[in-house]
Every structure is written in structure tokens, then in C-alpha cells.
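There are 2 protein chains.
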Amino acid sequence: MTKFDEATRAIRVDETTYDVCLDDGYSIGGPLNGGYLLAVILRAAVDASPHEHPVSTSAQFLRVPKPGPARVHLEQLKAGRTAAMTRATLVQDGTSYIDTLITTATLTAAEPDYTDAPPVPLPPEEECLALPAPKPENNMTFNAQIDLRFDPPTIGWLTGEPTGRPESRAYFRMAEPQDPDPYVLALAVDALPPVVFSAGARGWAPTVELTWYLRALPAPGPLALYGSGRLISDGWFDEEVEVRDSTGRLVAQSRQLARLGRG
Amino acid sequence: MTKFDEATRAIRVDETTYDVCLDDGYSIGGPLNGGYLLAVILRAAVDASPHEHPVSTSAQFLRVPKPGPARVHLEQLKAGRTAAMTRATLVQDGTSYIDTLITTATLTAAEPDYTDAPPVPLPPEEECLALPAPKPENNMTFNAQIDLRFDPPTIGWLTGEPTGRPESRAYFRMAEPQDPDPYVLALAVDALPPVVFSAGARGWAPTVELTWYLRALPAPGPLALYGSGRLISDGWFDEEVEVRDSTGRLVAQSRQLARLGRG
Numbered sequence: 001m002t003k004f005d006e007a008t009r010a011i012r013v014d015e016t017t018y019d020v021c022l023d024d025g026y027s028i029g030g031p032l033n034g035g036y037l038l039a040v041i042l043r044a045a046v047d048a049s050p051h052e053h054p055v056s057t058s059a060q061f062l063r064v065p066k067p068g069p070a071r072v073h074l075e076q077l078k079a080g081r082t083a084a085m086t087r088a089t090l091v092q093d094g095t096s097y098i099d100t101l102i103t104t105a106t107l108t109a110a111e112p113d114y115t116d117a118p119p120v121p122l123p124p125e126e127e128c129l130a131l132p133a134p135k136p137e138n139n140m141t142f143n144a145q146i147d148l149r150f151d152p153p154t155i156g157w158l159t160g161e162p163t164g165r166p167e168s169r170a171y172f173r174m175a176e177p178q179d180p181d182p183y184v185l186a187l188a189v190d191a192l193p194p195v196v197f198s199a200g201a202r203g204w205a206p207t208v209e210l211t212w213y214l215r216a217l218p219a220p221g222p223l224a225l226y227g228s229g230r231l232i233s234d235g236w237f238d239e240e241v242e243v244r245d246s247t248g249r250l251v252a253q254s255r256q257l258a259r260l261g262r263g
Numbered sequence: 001m002t003k004f005d006e007a008t009r010a011i012r013v014d015e016t017t018y019d020v021c022l023d024d025g026y027s028i029g030g031p032l033n034g035g036y037l038l039a040v041i042l043r044a045a046v047d048a049s050p051h052e053h054p055v056s057t058s059a060q061f062l063r064v065p066k067p068g069p070a071r072v073h074l075e076q077l078k079a080g081r082t083a084a085m086t087r088a089t090l091v092q093d094g095t096s097y098i099d100t101l102i103t104t105a106t107l108t109a110a111e112p113d114y115t116d117a118p119p120v121p122l123p124p125e126e127e128c129l130a131l132p133a134p135k136p137e138n139n140m141t142f143n144a145q146i147d148l149r150f151d152p153p154t155i156g157w158l159t160g161e162p163t164g165r166p167e168s169r170a171y172f173r174m175a176e177p178q179d180p181d182p183y184v185l186a187l188a189v190d191a192l193p194p195v196v197f198s199a200g201a202r203g204w205a206p207t208v209e210l211t212w213y214l215r216a217l218p219a220p221g222p223l224a225l226y227g228s229g230r231l232i233s234d235g236w237f238d239e240e241v242e243v244r245d246s247t248g249r250l251v252a253q254s255r256q257l258a259r260l261g262r263g
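As given, the protein sequences belong to chains A and B, one line each in that order.
For the first sequence, counting from 1, position 147 maps to 147 in full-length UniProt numbering; every step adds exactly one.
For the second sequence, counting from 1, position 244 maps to 244 in full-length UniProt numbering; every step adds exactly one.
If you are wondering where the hints come from, they were derived from the structure by calculation, not from laboratory data.
Just to be clear, a hint being listed does not mean it is correct.
[Claimed, not checked] The calculated lysine-lysine pairs, modelled on BS3-like cross-linking and capped at a C-alpha distance of 30 Å, are:
(1) Lys66/A / Lys3/A
(2) Lys3/B / Lys135/B
(3) Lys66/B / Lys78/A
(4) Lys78/B / Lys78/A
(5) Lys3/B / Lys66/B
(6) Lys3/A / Lys135/A
(7) Lys135/A / Lys66/A
(8) Lys135/B / Lys66/B
(9) Lys78/B / Lys66/A
[What the hints assert, rightly or not] Here are the simulated distance ranges between beta carbons:
(10) Pro132/B / Ala117/A: 27 to 37 Å
(11) Gly29/B / Thr106/A: 23 to 33 Å
(12) Gly25/A / Gly156/B: 47 to 57 Å
(13) Leu158/A / Ala110/B: 27 to 37 Å
(14) Arg9/B / Gln178/A: 35 to 45 Å
(15) Gly235/A / Lys135/B: 42 to 52 Å
(16) Arg9/B / Glu15/A: 31 to 41 Å
[Claimed, not checked] Residues from chain B shown here face chain A by an in silico Cβ test under 8 Å; the list is partial:
(17) Gln60
(18) Leu77
(19) Tyr114
(20) Ala199
(21) Trp204
(22) Glu209
(23) Thr211
(24) Arg215
(25) Arg255
What you are looking at is a predicted structure, and each value in this text was computed from that prediction instead of being measured.
All residues carry an ideal CB built from backbone N, CA and C; glycine is no exception.
Can you build the whole structure from these sequences, using the hints too?
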């Protein structure tokens with residue numbers, strides 16, 4: 001069991017209740033990373049489902065949970081032959097922190113019937129750049145869990161040269177050797193710095209809603225994350241992340257609606 | 001009050017319950033159009049919210065409701081100053097048919113801080129084509145509620161010439177004169193024929209999950225709908241619809257995960 005598997009473990013109490021322990025190793029300056037929290041919730045939802053894979057996850061981020069014990073409450077909405085639907089809620093001290101609607105199904109290794117043209121590939125990994133290590137006082141423990149190598153222009157904002165467009169692209173690996181699986185993909189779709197940093201924004205950008213689809217089981221090897229946004233308006237922005245596995249296959253699609261940071 | 005306003009009316013019973021009547025004028029061959037059902041649910045959720053606009057709506061389509069009386073049950077998850085979150089469920093005869101998570105907020109008419117390059121524009125409206133009127137026995141009453149004018153190649157599938165890619169693009173108006181508003185946008189994001197028709201698929205393609213964001217209040221005039229998909233695999237496909245208002249502004253973004261039809 002890897003550290004990530006351990007940190008996302010959900011222990012069945014009864015058919016609608018799972019105990020979890022939120023790990024402070026996934027802090028992004030205080031709040032825990034949203035993708036990490038989704039992975040925890042998905043462990044419980046999939047364990048209780050007749051199907052194997054979380055094909056659709058929609059989450060509303062209501063409040064910011066603290067590291068430590070929490071529970072996932074499940075409500076089975078439908079258990080069909082092709083797909084099952086569940087509402088899963090992350091609860092801490094009796095209060096709901098994240099509410100989700102999850103569809104599980106069982107994906108096969110079948111070849112796609114149709115796949116669109118892939119995006120412009122990332123530069124070779126050796127030309128991509130890691131972020132500088134965060135200062136300990138910033139409490140960015142999440143950064144140590146993953147290894148991101150960025151397409152250089154998309155972290156130009158670090159040195160005062162943002163591209164002027166919401167975008168972020170990087171190779172993604174777990175820091176500890178671990179092949180990607182659906183839970184790693186839940187982490188990956190929310191692992192990039194907010195795409196708006198590249199458009200000149202700063203500060204923590206709280207996710208309000210995030211929906212992601214698991215489209216195929218990822219091959220071993222690094223993932224490629226393609227993040228972008230269409231509109232920044234009225235304090236809101238969208239962030240889309242497309243995840244390709246090491247064979248170039250589209251394995252996950254996500255979109256989130258988030259608030260611009262005030263920092 | 002337009003026919004659409006009437007067909008989506010939600011009458012408050014108490015703070016968590018609204019009575020609605022599902023109108024058989026929105027049938028797509030038996031099932032009611034998903035966007036219509038979302039508009040009904042949103043009427044209730046917004047009426048009960050301290051905020052004016054449904055900025056994010058995620059829906060799981062559990063079962064196919066029948067025309068006639070139904071209820072919307074609301075659960076307030078959070079009422080913040082910037083945004084409120086609600087779970088809203090469409091219930092008929094004691095069974096849940098659609099489960100949603102909705103974020104409401106209040107959008108202003110502010111100019112965007114950033115907007116990406118718009119898509120390749122549709123051809124002029126006079127070069128676009130309507131679908132032939134459906135046969136009465138097909139029970140496609142929905143088609144009479146809206147006026148869609150298609151970018152011709154994207155309905156080539158009608159005459160045996162699909163483009164080979166999942167895509168559909170059209171101008172959208174309500175048949176009865178009505179300026180677009182957030183409820184019309186809920187209809188618009190699910191109003192196109194399934195994008196997979198253009199890739200050679202046929203038959204009713206049931207939506208499993210649909211999430212759409214309201215990004216700005218639409219200007220009067222026709223909407224332009226840009227529908228596309230990335231992957232058809234394992235019986236699943238994604239459909240994205242971007243909605244621009246008559247000034248070219250991005251007003252809504254949706255993505256759905258649906259099943260390929262068997263027909």
C-alpha cells in the first residue's frame with residue numbers, strides 16, 4: 001500500500017458510512033487539496049458500489065475541512081446494471097464539507113470508437129521545469145506528494161512573465177512510485193496551480209464546483225495534464241483539465257468553476 | 001408569461017418543497033428533454049435561494065419521469081454571501097428521478113477580465129438549415145418549442161453524410177418570442193441532437209450526468225450553440241456545448257456524459 005493509498009483509505013462502518021482520516025500531507029497552504037479530498041470520497045463510494053470505476057464525479061465544495069478524522073456518508077440513488085449512482089458527503093463534526101454525486105460503472109480496455117485529435121504535445125520532459133520547493137512556513141505539503149514538470153511558458157508567472165492566458169500544462173507523477181489509477185486521476189485533475197495564475201491572478205482560488213469524468217483506465221507511466229480556461233468574469237473562472245496517459249490516450253476530463261483569489 | 005415560463009413554473013409549498021407539472025410539450029420521443037427538466041428544477045432552487053442566478057448545476061439523471069405532477073425537494077447545503085449551495089431532487093410518486101447540486105450567486109453585467117478567442121463563427125443564419133418536422137407518431141413535441149438552424153454539415157447525418165466527428169452547431173431561439181434567460185440557457189445546453197449522430201451513431205442517447213455553468217446573463221437575440229465531443233468509448237461519450245449570445249459573449253458552458261443509443 002502506497003502512502004497515497006493509505007492517506008485515502010476509507011474504512012467501512014456500515015453500508016452508508018465510512019471512516020476516513022484526512023492527511024495533513026495534502027495541504028495547499030492550509031486547505032487540503034480538493035482532488036485529494038475527492039479521492040478519499042471516491043474510495044468509499046466505489047467500495048460500496050456494485051461497479052468498479054467512478055466514471056463521473058460532481059462535487060460542490062461547501063466548506064474547508066481540517067486534517068483529521070472525518071466520515072463519508074453514502075446514499076445509494078440507483079443501482080443499475082450499467083451504472084450506479086450515489087450521493088456521497090464528506091462530514092466532519094456533524095457538518096457537511098463536500099457534497100458529491102457519483103456515477104460508477106465498469107470500464108473495459110476496449111479500443112475507442114472515436115477519439116479526437118490530441119492536443120499539441122508537451123515539450124520533452126527534460127525540457128520541462130519543476131516549481132521551486134515551497135517555504136516550510138507556507139504549509140504546501142501537497143507539493144511533496146507529486147512530481148509536476150511544467151511546460152515552461154505556463155509557469156512564466158513565477159518570474160513575472162505570465163502568458164496572459166489562463167493555462168497550465170505539466171507532466172504528472174506521484175512522488176512515491178505508483179502507477180496511475182482512478183484515485184490518482186482524481187488527484188491529477190486538481191493538481192495544477194490555478195490556470196488564472198498565468199493570466200496574472202494570485203492567491204488561493206477556491207473551487208466551488210468540480211466535475212470530472214473517468215474515460216479510460218490509465219496506462220502505467222507519467223500523465224500529461226492540459227489545463228486551460230475560457231472566461232474570467234465577475235470574480236469567477238472556469239478551469240478545464242484534460243488528462244492523457246503515457247500512451248496519449250484521453251483518460252480524464254474535468255472542469256471546475258472557481259472564485260478568483262483575493263491575495 | 002410565456003408558454004415556457006408556464007411549463008417550468010414551480011409553486012412553493014414550503015421552504016423545501018415545490019410543486020411542478022411536467023409538460024408533455026417537451027417530449028423527445030417519450031422521455032422529456034433533460035434541459036427542460038433542469039429548467040423546472042432551477043426555478044425552484046433559485047426561488048428558494050438568497051441569490052438570483054444558477055451559476056452551476058450538476059445533475060444525475062436517475063430515471064425517466066413522466067409528464068404530469070411532480071415535486072422538487074430542496075436541501076439547503078450552504079447559504080453564503082457570495083454563493084449558496086442547494087441539493088434539489090425531482091420526485092414523482094415518491095421516487096427520485098433527477099438529483100442535482102446547484103450553486104446560486106448573483107452575476108453582474110461587468111465586462112470580463114479575460115475571454116478567450118471565440119470559436120469559428122457559424123455561417124450566416126440564412127445559410128443554416130432547420131430539421132424536417134418530425135412525424136407526429138414519433139412524439140417529438142420538443143421540436144415545436146424551439147427554433148434551431150443548423151450549420152449544414154453538422155446535420156449531414158440526416159442524408160447519410162455524417163462528418164465522422166461528434167459535432168453539432170446551430171442558432172437557437174425559442175419558437176415563441178422570448179429573450180434568453182438562465183432557464184432558456186438550461187434548455188439550450190441540452191437542445192441539440194446528440195453530437196454522436198454526426199459520428200454515425202443513432203438512437204436515444206440517455207444523459208447520465210450533465211453539468212453546466214452560467215457565465216453571464218445573455219443579451220436578447222438568438223443564441224449560438226457549439227456542440228462537440230472528444231471520445232466515444234465503451235458505450236460512453238462526452239458532449240460539450242458552448243453557448244454564445246447574440247453579442248458573441250460566452251454565456252454558458254456544459255458538458256455531459258451519456259450512453260450511446262442502441263437504436
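Against chain A, is Thr211/B within 8 Å by beta-carbon distance?
-> holds, 4 Å
Could one say that the CB atoms of Gly25/A and Gly156/B fall in the range 47 to 57 Å?
-> Because 53 Å falls inside the window, the suggested range holds.
Quickly compare the C-alpha distance for Lys135/A and Lys66/A to 30 Å and report which way the hint goes.
-> holds, 21 Å
Under the criterion of a CB-CB separation shorter than 8 Å, is Tyr114/B in contact with chain A as hinted?
-> holds, 4 Å
Does the nearest C-beta of chain A fall within a distance shorter than 8 Å of the C-beta of Glu209/B?
-> Holds, about 4 Å.
Taking the CB of Leu158/A and the CB of Ala110/B, does the distance hold inside 27 to 37 Å?
-> holds, 29 Å
Is the distance from the Cβ of Gly29/B to the Cβ of Thr106/A consistent with 23 to 33 Å?
-> holds, 28 Å
Given the hinted pair Lys135/B and Lys66/B, is their alpha-carbon gap at most 30 Å?
-> Answer holds: Lys135/B to Lys66/B is near 21 Å, not above 30 Å.
Regarding the pair Lys66/A and Lys3/A, is the alpha-carbon distance no greater than 30 Å?
-> holds, 19 Å
Chain A contact restraint for Ala199/B - C-beta distance below 8 Å | Interface hint status for Ala199/B: holds (5 Å vs cutoff 8 Å).
Straight-line alpha-carbon gap Lys66/B to Lys78/A, limit 30 Å | holds, 18 Å
Taking 30 Å as the top limit, are the C-alpha atoms of Lys3/A and Lys135/A close enough?
-> Between Lys3/A and Lys135/A the Cα gap is close to 22 Å, so the pair holds against 30 Å.
Of the numbered hints stated above, those contradicted by the structure are hints 14, 21, listed in ascending order.
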